[in-house]
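Visitor: Sequence:
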Amino acid sequence: MPNIKEEFIFYGDDILIGRFPEQTRFLYANPPLRPIANPAVAVRHALDNPIGAKPLNQQVKSTDFVVIAFDDPCLPVPLPANDPRALVIREILAILAYKGVKNIRLLCANGLHRKFTIFELSSLLGRDNIRQVGKSRVLCHDGTDRDNLVQLGLTSGGAPVEVNRMAVECDLLIYVNVNFTTMNGGWKSLLVGLGSWDSIRHHHNPAIWNGEESLLDFSSNPMHAMLKEMGLITRARVNLFQVECVINNKMWMPPADRLLSPLQGRFRQRAPGRGLRTLLSTASLLPASIKSTARKLLKANYQLAGVHAGDVAKVHEKTLQMLIPQQNVRVSGQSDILVLGVPELSPYAVNSIQNPILMRSLALGYLAGAFRGRPLAKKGGIVIVSNPGIEQFSQRHHPSYLDFWNRDLPLFFDPELAWNALSEPYAKNPHYLKLYRDHFAYHGTHSLMNWMWSGMALRHFSAAILAGAKEPQTAYKLGFIPARNLDHAINLALERMGRDASITYPVIPPLFATDVEE
Numbered sequence: 000m001p002n003i004k005e006e007f008i009f010y011g012d013d014i015l016i017g018r019f020p021e022q023t024r025f026l027y028a029n030p031p032l033r034p035i036a037n038p039a040v041a042v043r044h045a046l047d048n049p050i051g052a053k054p055l056n057q058q059v060k061s062t063d064f065v066v067i068a069f070d071d072p073c074l075p076v077p078l079p080a081n082d083p084r085a086l087v088i089r090e091i092l093a094i095l096a097y098k099g100v101k102n103i104r105l106l107c108a109n110g111l112h113r114k115f116t117i118f119e120l121s122s123l124l125g126r127d128n129i130r131q132v133g134k135s136r137v138l139c140h141d142g143t144d145r146d147n148l149v150q151l152g153l154t155s156g157g158a159p160v161e162v163n164r165m166a167v168e169c170d171l172l173i174y175v176n177v178n179f180t181t182m183n184g185g186w187k188s189l190l191v192g193l194g195s196w197d198s199i200r201h202h203h204n205p206a207i208w209n210g211e212e213s214l215l216d217f218s219s220n221p222m223h224a225m226l227k228e229m230g231l232i233t234r235a236r237v238n239l240f241q242v243e244c245v246i247n248n249k250m251w252m253p254p255a256d257r258l259l260s261p262l263q264g265r266f267r268q269r270a271p272g273r274g275l276r277t278l279l280s281t282a283s284l285l286p287a288s289i290k291s292t293a294r295k296l297l298k299a300n301y302q303l304a305g306v307h308a309g310d311v312a313k314v315h316e317k318t319l320q321m322l323i324p325q326q327n328v329r330v331s332g333q334s335d336i337l338v339l340g341v342p343e344l345s346p347y348a349v350n351s352i353q354n355p356i357l358m359r360s361l362a363l364g365y366l367a368g369a370f371r372g373r374p375l376a377k378k379g380g381i382v383i384v385s386n387p388g389i390e391q392f393s394q395r396h397h398p399s400y401l402d403f404w405n406r407d408l409p410l411f412f413d414p415e416l417a418w419n420a421l422s423e424p425y426a427k428n429p430h431y432l433k434l435y436r437d438h439f440a441y442h443g444t445h446s447l448m449n450w451m452w453s454g455m456a457l458r459h460f461s462a463a464i465l466a467g468a469k470e471p472q473t474a475y476k477l478g479f480i481p482a483r484n485l486d487h488a489i490n491l492a493l494e495r496m497g498r499d500a501s502i503t504y505p506v507i508p509p510l511f512a513t514d515v516e517e
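Taking numbering that gives the first Met the number 0, I'd label the letters of the sequence shown as residues 0 to 517.
Keep in mind that the hints were calculated from the coordinates and are not lab data. Don't take each hint at face value.
Label pairs and their calculated CB-CB ranges [said to hold, decoys possible]:
| hint | residue 1 | residue 2 | range |
| --- | --- | --- | --- |
| 1 | His44 | Asp413 | 30 to 36 Å |
| 2 | Lys60 | Ala420 | 47 to 53 Å |
| 3 | Gly478 | Glu21 | 28 to 34 Å |
| 4 | Ala420 | Asp47 | 31 to 37 Å |
Where a beta carbon is used, it is the ideal one built from N, C-alpha and C, also for glycine.
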């Protein structure tokens, strides 16, 4: 590559300075939304002036049973240092206390994700909130506990709508979420977070997650359409008051923001300086255990930019109006080659280990799928993924991932075949059920969902290359071609697509999506 450009790129737990051909197009996130000057006042205003609903203090009386549900600590990644959900719940509890309400539950809407310990939830909820409600009243949802699930009805296609029994039997369900992308929020909060396996399976499958329509595209993705239909059924039985928090994309905490601001290339006027090069090079030499510990301690400086409460659909409309200008970057035309820097930051590896399946899902599901309308890469293009691709698993959190990797993957590489043949046996496996219900493991089918999602997306590309693959056999097993480093990966891609092939590299963090125009 005689004429090169340089830009920072994630490589697992490291940040490298990547070398790119001169035809490379770099994309950068939009500036962060302006933060709210006084978040507590804004939250109280939203609760007192909801959209399409009565003020919260007019909806409860002292004898009511109130459930406050909240998103689990999977997103945003990294988790915020000052989580707005804690502030919202504090203000809600203040209103409930004033009204004399004592029968309260805090319910983590973890869906088929693993359950979380009270220690893990304390960083999201705030210890004062937990103390006020009582630890015994802070619970995690179980999507397999038949005694505590209620079927609300069937969709036009026959899919059951099932949710946690408390959501139906309480006098008021208050759902508090945080929105960083357009994938989440709206009816997805309740119907996935408090849904059952029998219900979730109908909108988490190959027919819905087809790899062609991004989950970030709220207007066209079939999952969101099905959830909307399920929401109409749910509305008749569940008294729901939705609170949605919009956060901005301000990533780095001070004083790291001053040190790492050069990573935001949009604002950089010159090449990376010697000091920053030395810092990154030195950091890459640290033992993996130290880098892993640092990653788990990492918090983001996301700030509350908007909060709305009330009717689910009307509130989420306001959320989308705020999010899209920050999240979506307009781009002219697709590219032959897409380059992705992939950190060890899967939403499903919080306080855990990012395994190879999660890495593939993060790259091909979340990052390659971060678009509306058309993907960044042309059909038949090539994707380059920068990550070491290490074979490592958490036996505690991801037991079915490990079994699928070691036992079933050789026969079920095809994503549809894997899902159709294995989802039911994995869902009914008593060992996986026990670990999900009692021992903080992901539901047995979660491994298949991520394999399926990334596998459907993989069909869009003619080849996927793993840049810097430390274990070639792991790369091949994932469906990637191993490359020694980014230079090697780009050369392999240009050999296949032509030396003048167009290249696009979306520079993260922060995460963003694209609107590809003709």
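Visitor: Name the hints, by number, that the structure is in violation of.
Guide: 1 and 4
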